[in-house]
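Chains as they are written, first to last, in my numbering: chain Z, 1 to 216; chain D, 1 to 242; chain F, 1 to 55.
Do not rely on the hints blindly, as some may be mistaken.
[As the list claims (entries may be wrong)] Think about it this way: if two alpha-carbon atoms lie no more than 25 Å apart in a straight line, the pair counts; the simulated BS3-like pairs of lysine-lysine are:
#1 D:Lys88 x D:Lys21
#2 D:Lys175 x Z:Lys152
#3 F:Lys45 x D:Lys49
#4 D:Lys86 x F:Lys45
#5 D:Lys88 x F:Lys45
#6 F:Lys48 x D:Lys236
#7 D:Lys236 x D:Lys155
#8 D:Lys236 x F:Lys43
#9 D:Lys155 x F:Lys45
#10 D:Lys234 x F:Lys48
#11 D:Lys175 x F:Lys48
#12 D:Lys21 x F:Lys48
#13 F:Lys49 x D:Lys21
#14 D:Lys13 x F:Lys41
#15 D:Lys86 x F:Lys48
#16 Z:Lys212 x D:Lys175
#17 D:Lys234 x F:Lys49
#18 F:Lys43 x D:Lys237
#19 D:Lys236 x F:Lys45
#20 F:Lys41 x D:Lys236
#21 F:Lys43 x D:Lys13
#22 D:Lys236 x F:Lys49
#23 D:Lys21 x F:Lys45
#24 D:Lys13 x D:Lys237
#25 D:Lys49 x D:Lys234
#26 F:Lys48 x D:Lys237
#27 F:Lys41 x D:Lys88
#28 D:Lys13 x D:Lys175
#29 D:Lys237 x Z:Lys212
#30 D:Lys86 x Z:Lys212
#31 D:Lys155 x F:Lys49
#32 Z:Lys174 x D:Lys155
#33 F:Lys45 x D:Lys237
#34 D:Lys21 x F:Lys41
#35 D:Lys237 x D:Lys49
#36 D:Lys175 x F:Lys43
It should be emphasised that the hints constitute simulated quantities derived from the structure, not laboratory data.
So the chains spell out like this:
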Amino acid sequence: MKVLLQIELFKLFKKIRSWLGPVLIFTLIIIAYPLTVEYSTSELAKSFYSILWLGALMTIMFSTEDIFLEDYLDGTMDQYIVNNISLPLIVFIKIFVYWLLIGVPIGILSFIFALVFTSNFESSLLIGVISLVVNYIYFAVFSFGNSLSLNKGSLLSSLVCLPLVLPILITLGKFITALEYALNFYSYIILLLGVLSIIITIIPFLISFILKAHLD
Amino acid sequence: MFKKFFHQFASPKTFYFVSQKIFPYLFWLSIVSLMIGLIWGILYAPVDKVQGNSYRIIYMHVPASFAAQSLYMMIAVASFIFLIWKVKLAAYVVKSVSLIGASITFLALISGSIWGVPTWGTWWQWDARITSTLILFIMYLGLISLHNSFNNLDKADKFISVLALVGFINIPIIKMSVNWWSTLHQPASITLSSKPSIDMAMLYPLMICIFSFLGLIIAIVLRAIQYEILLREKNKKWIQSI
Amino acid sequence: MINMQFESLSSLLYMNGHGIYVWVVLIIFLMVITGLSLFYKIKIKNFKKDNNEIN
């Protein structure tokens with residue numbers, strides 16, 4: 001498994017445009033946001049968090065575009081199935097590598113930007129951690145969407161899977177409200193961690209079922 | 001013994017001929033009772049104290065939303081049957097019902113939105129039920145577009161079944177989470193356990209409308225599945241001799 | 001007739017100002033139902049016509 005992890009990490013690392021691009025786009029969105037609002041601290045803070053979460057969502061949706069495409073096109077996926085290598089494991093490693101190279105930098109950047117906008121260290125740390133958790137969920141769901149329309153190479157199914165992540169956005173909104181009014185926000189963190197645990201285990205099996213159906 | 005009884009329904013040919021027989025009675029009976037329910041509701045039911053006469057849209061809006069959610073339930077059960085037991089007829093059900101479901105959800109959204117204008121003064125509101133219905137509509141559209149984007153029909157069937165099941169798990173989650181978020185829509189007036197909070201004189205035409213609309217939709221679904229069977233099994237002998 | 005809520009045709013159409021909403025929704029409702037019923041009927045008829053031409 002270590003070898004597979006290293007191979008996938010190396011493959012994605014080499015395609016600089018695939019992982020650096022989304023991170024830079026996210027940075028650009030957050031930096032451009034204050035320019036669209038008249039400078040006034042209270043007005044910025046009102047919808048800053050929404051832009052943060054939505055920017056992460058959109059960036060991740062567009063960055064998972066070719067997560068399975070190359071392997072499907074050049075026959076590596078066939079080799080995995082023929083040699084009886086466990087396909088769920090491969091899918092899990094791919095999603096994990098994408099999360100490592102795109103999701104974690106977005107999480108760190110969310111922490112930094114939250115610190116800049118609110119100057120409150122603890123809440124920014126919480127936002128960074130939540131962003132890490134939520135990014136993994138986005139990667140898993142949009143990879144699922146991507147695997148449905150693999151041979152067409154379009155974003156159609158990722159868009160269709162957008163309604164599946166809307167409850168996450170609603171939970172994030174309630175989390176921010178709880179944070180601002182110093183209510184009990186631990187429940188939302190536990191909820192998101194619960195969703196993450198279900199997603200980590202189920203999605204690789206779902207996606208490997210779909211990939212096998214593509215290749216038959 | 002039960003296996004044989006259920007297995008005979010898995011054959012498209014049996015389904016086609018049985019539904020051919022049932023369809024006229026179901027369709028015309030539902031149309032007549034729907035007309036009775038609507039005329040009773042619009043002309044004879046008493047005026048509401050708070051909302052005035054515009055509450056009469058309820059006789060069209062509630063049957064449509066109820067039917068939209070039941071159709072999604074039908075799709076979920078059919079995709080489950082297709083994935084586990086590989087019954088081809090279930091795949092035809094999923095494909096044909098998704099179009100009908102999309103139109104009915106669209107009807108529910110439009111009627112609800114027009115009802116909102118005299119009642120709340122606004123065309124749209126981001127509250128629990130409206131947002132969940134909108135997401136249901138988007139999921140139906142997703143099912144239709146996903147099926148149309150494949151040339152190989154077997155693959156397409158498998159994929160929309162998987163998507164329908166994943167969406168089915170998500171619908172109660174969306175319902176619960178948007179419930180936390182805000183509630184403007186009236187809470188349910190008709191529940192199974194407590195006495196209904198809507199007046200009896202308004203309740204009777206409403207129940208007639210709901211059940212007859214459901215019957216009408218099932219008749220249309222039967223016809224849609226017949227069409228799907230004709231399309232897909234074009235080369236079989238029994239179709240060529242119709 | 002027994003206990004109709006509206007005295008005359010014009011009050012039925014107007015319904016104290018709420019009439020337009022009810023009638024618009026009713027028209028859309030009937031259009032969608034007839035559209036759905038006729039859509040499949042026409043498609044099946046065309047299919048049977050093509051089928052009989054081929055055989």
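Right, here's what the structure says about each hint:
1. D:Lys88 x D:Lys21: holds (22 Å)
2. D:Lys175 x Z:Lys152: Cα-Cα ~32 Å, so violated.
3. F:Lys45 x D:Lys49: Roughly 49 Å separates the two Cα atoms, so the pair is violated.
4. D:Lys86 x F:Lys45: Given pair Lys86 of chain D, Lys45 of chain F is violated - Cα atoms ~30 Å apart, limit 25 Å.
5. D:Lys88 x F:Lys45: holds (24 Å)
6. F:Lys48 x D:Lys236: Given that 25 Å is the threshold and the Cα spacing comes to 14 Å, the pair holds.
7. D:Lys236 x D:Lys155: holds (21 Å)
8. D:Lys236 x F:Lys43: It holds: about 19 Å lies between the C-alpha atoms, which stays within 25 Å.
9. D:Lys155 x F:Lys45: violated (28 Å)
10. D:Lys234 x F:Lys48: holds (11 Å)
11. D:Lys175 x F:Lys48: violated (44 Å)
12. D:Lys21 x F:Lys48: holds (17 Å)
13. F:Lys49 x D:Lys21: holds (21 Å)
14. D:Lys13 x F:Lys41: Since the Cα atoms of Lys13 of chain D and Lys41 of chain F sit roughly 19 Å apart, the hinted pair holds (cutoff 25 Å).
15. D:Lys86 x F:Lys48: violated (28 Å)
16. Z:Lys212 x D:Lys175: violated (33 Å)
17. D:Lys234 x F:Lys49: holds (13 Å)
18. F:Lys43 x D:Lys237: holds (20 Å)
19. D:Lys236 x F:Lys45: With Cα atoms ~18 Å apart, Lys236 of chain D and Lys45 of chain F stay inside 25 Å; holds.
20. F:Lys41 x D:Lys236: holds (21 Å)
21. F:Lys43 x D:Lys13: It holds: about 19 Å lies between the C-alpha atoms, which stays within 25 Å.
22. D:Lys236 x F:Lys49: Holds: Lys236 of chain D and Lys49 of chain F sit about 17 Å apart, inside 25 Å.
23. D:Lys21 x F:Lys45: Answer holds: Lys21 of chain D to Lys45 of chain F is near 17 Å, not above 25 Å.
24. D:Lys13 x D:Lys237: Holds - the C-alpha atoms of Lys237 of chain D and Lys13 of chain D are around 11 Å apart, at most 25 Å.
25. D:Lys49 x D:Lys234: Distance ~57 Å between Lys49 of chain D and Lys234 of chain D Cα, so the pair is violated.
26. F:Lys48 x D:Lys237: holds (14 Å)
27. F:Lys41 x D:Lys88: Given pair Lys41 of chain F, Lys88 of chain D holds - Cα atoms ~23 Å apart, limit 25 Å.
28. D:Lys13 x D:Lys175: violated (39 Å)
29. D:Lys237 x Z:Lys212: The hint is violated at about 33 Å.
30. D:Lys86 x Z:Lys212: holds (16 Å)
31. D:Lys155 x F:Lys49: violated (30 Å)
32. Z:Lys174 x D:Lys155: violated (40 Å)
33. F:Lys45 x D:Lys237: Judged against 25 Å, a Cα distance of about 19 Å means the pair holds.
34. D:Lys21 x F:Lys41: holds (15 Å)
35. D:Lys237 x D:Lys49: violated (62 Å)
36. D:Lys175 x F:Lys43: violated (37 Å)
Violated hints, listed in ascending order, are 2, 3, 4, 9, 11, 15, 16, 25, 28, 29, 31, 32, 35 and 36; each of the other numbered hints is respected by the structure.
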